[in-house]
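Could you build the full structure based on these sequences and the hints that come with them?
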Amino acid sequence: MVPARHPWRWAGTGLVLVLLAQFAHGLTTNPGWDWPTFAGYFLEESVLRALLLTIELTVAGALLGFLGGIPLAAMRLSRNPVLAAVSWTYIWVFRSVPLLVQLLFWANLGYLYDRLQIGVPFGPGWSFSTTSLISSFGAALLGLALHEAAFAGEIIRSGLLSVDQGQHEAAAALGLPRRRQFFRIVLPQAMRAILPNAANLLVNLLKSTSIVYVLAIGELFYQVQVVYGRNGRVVPLLMVATVWYVILTALLSVLQYYVERYFARGALRTLPPTPFQRLRAAIRR
Amino acid sequence: MIELTGVHKSFGTLEVLRGIDLTVRPGTVTVILGPSGSGKSTLLRCVNHLEKVDRGLVRVDGELIGYRRSGNRLHELSERQILRQRARIGFVFQNFNLFPHLTAVENVAEAPISALRKPRIETYERAHALLARVGLADKADAYPRQLSGGQQQRVAIARALALEPRLILFDEPTSALDPELVGEVLDVLRDLATAGTTMIVVTHEIGFAREAADTVIFMDEGRIVEQGPPAQVLDHPRHDRTQAFLSKVLI
Ligand SMILES: Nc1ncnc2c1ncn2[C@@H]1O[C@H](COP(=O)(O)OP(=O)(O)OP(=O)(O)O)[C@@H](O)[C@H]1O
Ligand SMILES: [Mg+2]
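If you read the sequences in order, they're chains X and U. For the first sequence, the residue numbers in the numbering used here are 561 to 845. For the second sequence, the residue numbers in the numbering used here are -14 to 236.
Be a bit skeptical, because a hint or two may be false.
Just some of the chain U residues that point at chain X, by a computed CB distance under 8 Å [stated by the list, open to error]: (1) Lys37; (2) Leu42; (3) Phe78; (4) Phe84; (5) Tyr128; (6) Arg208.
Distance ranges between label pairs, derived from CB positions [unchecked claim]: (7) Arg65(U) <-> Arg821(X): 33 to 39 Å; (8) Glu61(U) <-> Leu660(X): 50 to 56 Å; (9) Arg10(U) <-> Ser638(X): 51 to 57 Å.
In case anyone wonders, no lab produced these hints; they're calculated from the structure. Where a beta carbon is used, it is the ideal one built from N, C-alpha and C, also for glycine.
Quick look at the structure:
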């Protein structure tokens, strides 16, 4: 048997290879990219410390955001109109306010309220000075988490809505307890719709952490700015930050691939092999 | 014993059930026939409280379904209590509604473990035995989408049996199946009938009704028009509407 020929596929591949070679040539020969400076700072200690802070903000923001998103989604889907309205309003407000504005607002909370108080309504309470309670890291995390929660809530809600009504009915007809219906039957099926969007949100959050530089928090983007402010080598230092963001996003994408595969069990008749499995099969052949 | 007395149900202004009285003796098979829209599915769904009745009572083995009587008032049960009652009434859907992310044996074992709190190992042994009983011993680890329609429906029947129900309700169990797959599901139903399972089956399979039913019921416009043994209702229907319906189905 002679497999079908694809001349245009070969022509296209050739064209792409030529363009790539040209691009690579430009990257290596144009001195403006200044690769020695890039190499000097890529693994420099202050940059790595800033990178760690970026990762911390991303992980904490995502965890808090999704933890907040679950009750928001549940409230919007609930039959209680007050809960649904509260959730709707929250999502409306936090999707409307630009993240940057929100961050500046939290950082300046001390200007609005110089003391915060918690306690029993009309009873005893404790009061704190606002600036001592909310550090700039706290303000950044608060802003990111509140912002994420609004989007995560909508993503989770859309996933729950995508589960077939027959599944709810079958679970109810079998008399499964309410929590079990949700966690064993509905949520795992909703995950298939939730995951790609959640991964998008997470990648977006990773990059959004660069906005918190306005609060003078030493995350990755802030740190490279500090360095190029000192030595004036803007492009190579921006490249340091860019390459790190690209690497982190790549790691997240690999993770996403495997998590999605896990939740695809039963949804596809047969799972396609992973790239690694395909490679191994090709080598063995 | 299953008893329905004066069951009424409306959706908005549409009155779907207009006073159903029905008694099903334990160990018998009741087949419900009737034209589309006559309220057959709604009736089944009222029996396990998937739909709330507007008026009338449903009793299974003397126990009121969905309500509790105190004095001469009825109070609706809490969701948890209703779920507990449902765990004793099997329901088999027209389009199976198996859980696609669980394997066949996990589908069967799910409810006994989480609704009845049965021990895990025993339940899985029993689930395998039930799958063998419906002829699917070798498909225990398949996911529903890897099974044919007839096989999926047989898993769904095993899933209902796993709760050791007092009663199983079947809502057109074969109408989503290709003709050549109908037989394998009806075989399982016949087998259950012989074993003395109490069943109410909505179906258009007249042949099955003739062989396996103890009672055949003909419904139209929310009422029971005629009921009796199959020989009487199917071969000597007294009502015009029953005759008209049967003449269309029995071509
Ligand atoms: N949830 C609902 N809301 C509004 N109307 C409904 C609802 N469920 C059923 N109905 C209506 O009630 C009537 C009876 O429906 P039902 O499903 O009980 O009929 P059926 O006898 O099972 O018909 P079929 O043989 O087509 O399954 C139909 O007119 C249907 O449109
Ligand atoms: Mg129906």
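Checked hints:
1. Lys37: Violated: closest Cβ of chain X sits about 13 Å from Lys37(U), beyond 8 Å.
2. Leu42: Violated, because the Cβ-Cβ distance from Leu42(U) to chain X comes to roughly 20 Å (cut-off 8 Å).
3. Phe78: Check passed: Cβ of Phe78(U) comes within 7 Å of chain X, closer than 8 Å.
4. Phe84: holds, 6 Å
5. Tyr128: Status holds, d = 4 Å.
6. Arg208: Arg208(U) check fails; min Cβ-Cβ to chain X is 25 Å, beyond 8 Å.
7. Arg65(U) <-> Arg821(X): 33 to 39 Å: holds, 36 Å
8. Glu61(U) <-> Leu660(X): 50 to 56 Å: holds, 51 Å
9. Arg10(U) <-> Ser638(X): 51 to 57 Å: With Cβ atoms ~42 Å apart, the hint is violated.
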